[in-house]
Amino acid sequence: MVLVLVGSVIGSLGAIFLKWGAHAVNRNWTSIAFNWRLAVGVGTYLLSSVLFVKGMSNGELSVLFPLVSLGYVCTLAWSRLFFHEPITTVKLAGVGLILVGITCLGLGGR
Amino acid sequence: MESLGESLSPAASSSEVHVPDPAKRRLAIFIVLACTLLVALAQYLIKLGANHLSHAGLLATLIGIFTIPQLFAGYCLYGVFTVMFVFALRHGELSILYPLIALSYVWVTITAVLAFHDTMNPLKLAGLAIIVAGVAVLGWGGGK
Numbered sequence: 447m448v449l450v451l452v453g454s455v456i457g458s459l460g461a462i463f464l465k466w467g468a469h470a471v472n473r474n475w476t477s478i479a480f481n482w483r484l485a486v487g488v489g490t491y492l493l494s495s496v497l498f499v500k501g502m503s504n505g506e507l508s509v510l511f512p513l514v515s516l517g518y519v520c521t522l523a524w525s526r527l528f529f530h531e532p533i534t535t536v537k538l539a540g541v542g543l544i545l546v547g548i549t550c551l552g553l554g555g556r
Numbered sequence: 039m040e041s042l043g044e045s046l047s048p049a050a051s052s053s054e055v056h057v058p059d060p061a062k063r064r065l066a067i068f069i070v071l072a073c074t075l076l077v078a079l080a081q082y083l084i085k086l087g088a089n090h091l092s093h094a095g096l097l098a099t100l101i102g103i104f105t106i107p108q109l110f111a112g113y114c115l116y117g118v119f120t121v122m123f124v125f126a127l128r129h130g131e132l133s134i135l136y137p138l139i140a141l142s143y144v145w146v147t148i149t150a151v152l153a154f155h156d157t158m159n160p161l162k163l164a165g166l167a168i169i170v171a172g173v174a175v176l177g178w179g180g181g182k
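Sequence order for the protein chains is A and B. Heads up: the first sequence begins at 447 in the working numbering, then just goes up one per residue. Heads up: the second sequence begins at 39 in the working numbering, then just goes up one per residue.
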């Protein structure tokens, strides 16, 4: 359970680096090959996936699913912090609905 | 809707942050939504592969990614998804695009019912509907 929680937070951090790295990419291939931000992003993504595989292989989905979706909430905060993306009511409503929906899905899976 | 352009003062906007036109934002949203199908397929394969290492350690899990065909294929698909996602991120907001990946839950649940004869119940169905509503809200709001 802790593995999945840590995995979802790490995954949301990985997305930050992907976004950061994405803007450094241009038509020059070296900009992709030597893009440390993309590398960190992919690395943290892989790490979070490994944690998910470990955490999911033995656990109650009704608990694990909502934990995974907490990563979306984190992303709202990170995006505000690092990219000055405003937290709008639309985003809060969307993420809120997704959280409730995924929780229902997990509860229904028991 | 508050305007993104106004909220980014010259001091706050670095070279990292730029606001593309709505058409590109919509393209980014469409790409991510289409890619949730890839994520669902990848998760299906990874779940199949993960059954082979229920008691494996972290290192054995890492090795398994390369030796268990389903895990390997699943992670390759994740790679394709990541490339598409990075492309989409160039044209859209992270706080819109990242939660859209939740649509993959809908595909995964449908796959589980069709492929594994997993049971469908009212609570799950409500969950799917609420997720789709959330994704629709984000897609609608982010594409403007």
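Take these hints with a grain of salt, some might be off.
Away from chain A, derived, C-beta distances all over 10 Å, residues of chain B [to be verified]:
#, residue
1, 65
2, 68
3, 76
4, 79
5, 82
6, 180
So the derived label-pair ranges between C-beta atoms look like this [said to hold, decoys possible]:
#, chain 1, residue 1, chain 2, residue 2, range
7, B, 75, A, 448, 38 to 44 Å
8, B, 86, A, 536, 34 to 40 Å
9, B, 167, A, 485, 35 to 41 Å
Hints listed in this document are in silico derivations from the structure and should not be mistaken for laboratory results. These numbers were taken from a predicted model, which means no experiment stands behind them. By construction, the Cβ of each residue, glycine as well, lies at the ideal position given by its N, Cα and C atoms.
Each hint, compared with the structure:
Consistency note on residue 65 of chain B: stated as away from chain A, and its beta-carbon is indeed over 10 Å from all of that chain's, at 14 Å minimum. No Cβ of chain A approaches the Cβ of residue 68 of chain B within 10 Å, the least distance being about 16 Å, so the stated non-interface status holds. The Cβ of residue 76 of chain B sits about 14 Å from the closest Cβ of chain A, beyond the 10 Å cut-off, so the non-interface label holds. The claim that residue 79 of chain B is not at the interface with chain A holds, since no C-beta of that chain comes within 10 Å of its own (minimum 15 Å).
Interface exclusion of residue 82 of chain B from chain A stands, the closest Cβ pair being 13 Å apart, more than 10 Å. A Cβ of chain A approaches the Cβ of residue 180 of chain B within 10 Å, the least distance being about 8 Å, so the stated non-interface status is violated. Distance hint check: the CB atoms of residue 75 of chain B and residue 448 of chain A are about 30 Å apart, inconsistent with the given range 38 to 44 Å. Restraint check, residue 86 of chain B to residue 536 of chain A: a C-beta distance of roughly 37 Å satisfies the suggested window 34 to 40 Å.
In this structure the hint that residue 167 of chain B and residue 485 of chain A lie 35 to 41 Å apart at CB holds, the actual value being about 39 Å.
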